[in-house]
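Q: Letter by letter, the chains look like this.
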Amino acid sequence: MLSSVTLPHMRRRHFLTLSAATLGGVLVYSLDRKATLLGAQHKPVRLPLRFFTETEALIVAAAASRIFPSDEAGPGAREAGVAIFIDRQLAGPYGRDRFRYTQPPFEDAPRELGYQGSATPRQMYRDGLKNLQGFQLFGPDAQDEALHKIESTAFFSLLRQNTVEGMFCDPIHGGNAGMIGWQLVGFPGPRMSNFDEVDKYYGKEFRPKPESLRQATGAKVRPSEDES
Amino acid sequence: MDAVVVGGGWAGLLMAKELGARTSLNIVVLERGPSGGPLQYATDMDELDYAIRLRMMQDLSKETVTLRHDATQRALPLRQYGSFQTGSGVGGSGEHWNAQVPRYLPDCFELLTKTTQRYGADALPQWHAVRDWGISYDELEPYYTRVDKLLGSSGRAGNIRGKLIDEGNIFEGWRSEEYPTPPMKMPYFSALFRDAAKSLGYHPYIAPSANISQAYTNPDGISRGGCTYCGFCGRFGCMVGAKAQPTNLLLPIIQKRKNVSIRIGAWVRRILFESTPNSIARGVTYVDSSGQEVFQPASLVFLASWTLNNTRLLLLSGIGEPYDVSTGRGTVGSNLTHQVSVGAATAFFDQPLNRFMGSGSAGILFSDFDRDDLDRSGLNFIRGGYFSARGYGFQPIASFGVLPNSIQATWGAEWKKASVSYYDRTGTIGFTGEHLAYKSNFMDLDPVYKDALGDPLLRLTLDWRHNERKMAEFATPKAVEVAHAMGAREINSFPGLHSYDAAHYNSTHVQGGTIMGSSPEHSVVSPDLQHWQLPNLFVLGGSTFPQNASANPTPTVLAFVYRTADAIIERYLKHPGPLA
Chain U
1 MLSSVTLPHM RRRHFLTLSA ATLGGVLVYS LDRKATLLGA QHKPVRLPLR
51 FFTETEALIV AAAASRIFPS DEAGPGAREA GVAIFIDRQL AGPYGRDRFR
101 YTQPPFEDAP RELGYQGSAT PRQMYRDGLK NLQGFQLFGP DAQDEALHKI
151 ESTAFFSLLR QNTVEGMFCD PIHGGNAGMI GWQLVGFPGP RMSNFDEVDK
201 YYGKEFRPKP ESLRQATGAK VRPSEDES
Chain S
1001 MDAVVVGGGW AGLLMAKELG ARTSLNIVVL ERGPSGGPLQ YATDMDELDY
1051 AIRLRMMQDL SKETVTLRHD ATQRALPLRQ YGSFQTGSGV GGSGEHWNAQ
1101 VPRYLPDCFE LLTKTTQRYG ADALPQWHAV RDWGISYDEL EPYYTRVDKL
1151 LGSSGRAGNI RGKLIDEGNI FEGWRSEEYP TPPMKMPYFS ALFRDAAKSL
1201 GYHPYIAPSA NISQAYTNPD GISRGGCTYC GFCGRFGCMV GAKAQPTNLL
1251 LPIIQKRKNV SIRIGAWVRR ILFESTPNSI ARGVTYVDSS GQEVFQPASL
1301 VFLASWTLNN TRLLLLSGIG EPYDVSTGRG TVGSNLTHQV SVGAATAFFD
1351 QPLNRFMGSG SAGILFSDFD RDDLDRSGLN FIRGGYFSAR GYGFQPIASF
1401 GVLPNSIQAT WGAEWKKASV SYYDRTGTIG FTGEHLAYKS NFMDLDPVYK
1451 DALGDPLLRL TLDWRHNERK MAEFATPKAV EVAHAMGARE INSFPGLHSY
1501 DAAHYNSTHV QGGTIMGSSP EHSVVSPDLQ HWQLPNLFVL GGSTFPQNAS
1551 ANPTPTVLAF VYRTADAIIE RYLKHPGPLA
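The listed protein sequences correspond, in order, to chains U and S. Counting from 1, position 209 in the first sequence corresponds to residue 209 in the working numbering; the numbering is continuous, with no gaps. For the working numbering, add 1000 to where a residue sits in the second sequence, where the first one is 1.
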């Protein structure tokens, strides 16, 4: 099973180079839910990859930003760092199905019994990305067409789900950079008390400034992808 | 050892606390998960790791269940969590619950008798396995009241000794006392629902909650503060300890008692027993965290390891006669029920709802269709359920992308734009209804799939039948009507119950398998939860319920544990042997 999986310590280090504007940066929060990128660093950033090769990461980044684009409706997967999030998830216990029942025999089943395949998320990405070669170089329309072709696959469902996760997870996981996903929808993160507000603001927006788990608790929190 | 308790969740720890504090018995609780508890919960407020990756649940890589819809099919394993989520570790599912604490309706306990009396024997559907519990609500009421005091339940009574109070649920069974703490605050979506339900002539009330509304000290001297409506509730432990959890209500008392200990990482595999000269349980075997198999002898054995594992351990141990669907003989594994739990209408509004604020049990319910004295002419099902507008506290990974059916896109610019704009402008009216027991829904051991130790997995044979489908069909237009009255701009209505869907969350209220009853012919335990064949074995939890109610089960589970603890202390210890 491990043959198609490259363990992080066994391989040449890969990096994803992102331009400053694609990396969250510092966001100004506004009450009408508009998140504005301010003071983006001018130097590109090179991030070490834990699972993907550089090419794979570029394809995932490009595909995620067609699923959750950056446009006039607000920032998207590119700014949130979704590709970095997915890379870390796949490198951790989730990527190798640490908590899923993976005893054979594997059989086809009606959808009411859930995913019955033997492929781990790592294997699904490795195999799925092979069908998207050159994707990062396509124009937007060609990219959408390529995604429509795989829309009904388990790989695409996983990529779509992981993209949403990377948009809205706590920044501790490498996605939702600068909490832009939370600002986009008006989610304040782990807020310790809403006692005074829960039955006020009926019909009116209440949008406290988001804080991440580390900011809100002041504690060092270890995300599950960093566990063995 | 005097007593061994298998499972350190609500049922097991309440029994350990009662016996530990009120007797000098030496008691050990065997819990296969880790220790955890309130100290770490503030740093656990992470949707991804806890609500999506489900960090507090049992490790399915070691053990899951298999499922098929009927006995002609081959069952397949549930490889990841779906329709229910079982907790692990000290406190069990009682740590990550939403703390909704309604009681069962009085006639639930005498369902066979009452339904037959009211409507005739033909009213029950073909293939039903509905049973009386062998106990009445009136007998159980004092124990329910003890549970409410233990938990500090928040709410407003609708029926105090027969006097109806409009602010509460006037359709509930009688209560001897008012709730210990006043009702919870109301999130906006729930307030809209309350006003709409009232305008349609229903009787809405604030949902009973064990996330308490204000500071409270229970009869054991345990103090907690009130809920802060942070919204990190179900699938999380409570970071302020306002939610009733075994680790904040029971564990502190257990830890002070020298006669009670908890062993974590202890995975119980068998209950050992002898049939001669006397039928008696001798103790249990378990595998400890180092992989060593240990025999733990005990004079009293409490099986309190959640519905599915209670049934599985009796089957693996060869205790009692397994239920055989082809002959109808046997009891262990029969009467598997879940719950009708559907999003009857999803409403979309023009105004924001501020849905991140809430609590797992905050919200409004109405129970006008959760009673059996309705005019049933024209209805093609029996029993009923309640409608709800919960203010759980919503987080973005799970709730982003709920859209009106008029929008087809599931990714890309149009989908994103609509999802952002509807994100805080949608809410779901739920319907939760009773699930009758049928001869065709049951559990046995799977012939193919094994756990990490090589023992067969439990196999569930489970599907909805006519009564559940018709009940959901009846509830859907009612919910849509309420959503209209709430001022919804668009409404998605529930598409209907088809085959039992194990891939999507329903509720963690799976019941039956080791049911109670008044005779050993049809039940595994007596209403004292005492095993009919092995009088020193007691089975605790929802596995003892002959069929499921619409209400959430925890208060009923705990009421029976209190009652059994009393029976043991007042009667069994004086004269060990059958109580009935």
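Since the hints were derived computationally from the structure, they do not count as laboratory data. Using N, Cα and C, we set each Cβ at its ideal position, and we do this for glycine too. Careful, some of the hints might be misleading.
What the hints assert, rightly or not - Just the calculated beta-carbon pair ranges, DEER-fashion:
id : chain 1 : residue 1 : chain 2 : residue 2 : range
1  : S       : E1473     : U       : L137      : 49 to 57 Å
2  : S       : R1269     : U       : E197      : 25 to 33 Å
3  : S       : P1142     : U       : Y202      : 36 to 44 Å
4  : S       : A1503     : U       : P48       : 51 to 59 Å
Q: With reference to the structure, classify each hint as holding or not holding.
A: Structure-based check of each hint:
With their beta carbons about 52 Å apart, E1473(S) and L137(U) fall inside the hinted range of 49 to 57 Å. Between R1269(S) and E197(U), the C-beta spacing of about 50 Å breaks the proposed range 25 to 33 Å. At about 40 Å, the beta-carbon gap between P1142(S) and Y202(U) stays in the expected band of 36 to 44 Å. A hinted range of 51 to 59 Å is violated for the C-beta pair A1503(S) and P48(U), which are about 36 Å apart.
Of the hints listed earlier, those the structure fails to meet are numbers 2, 4, in rising order.
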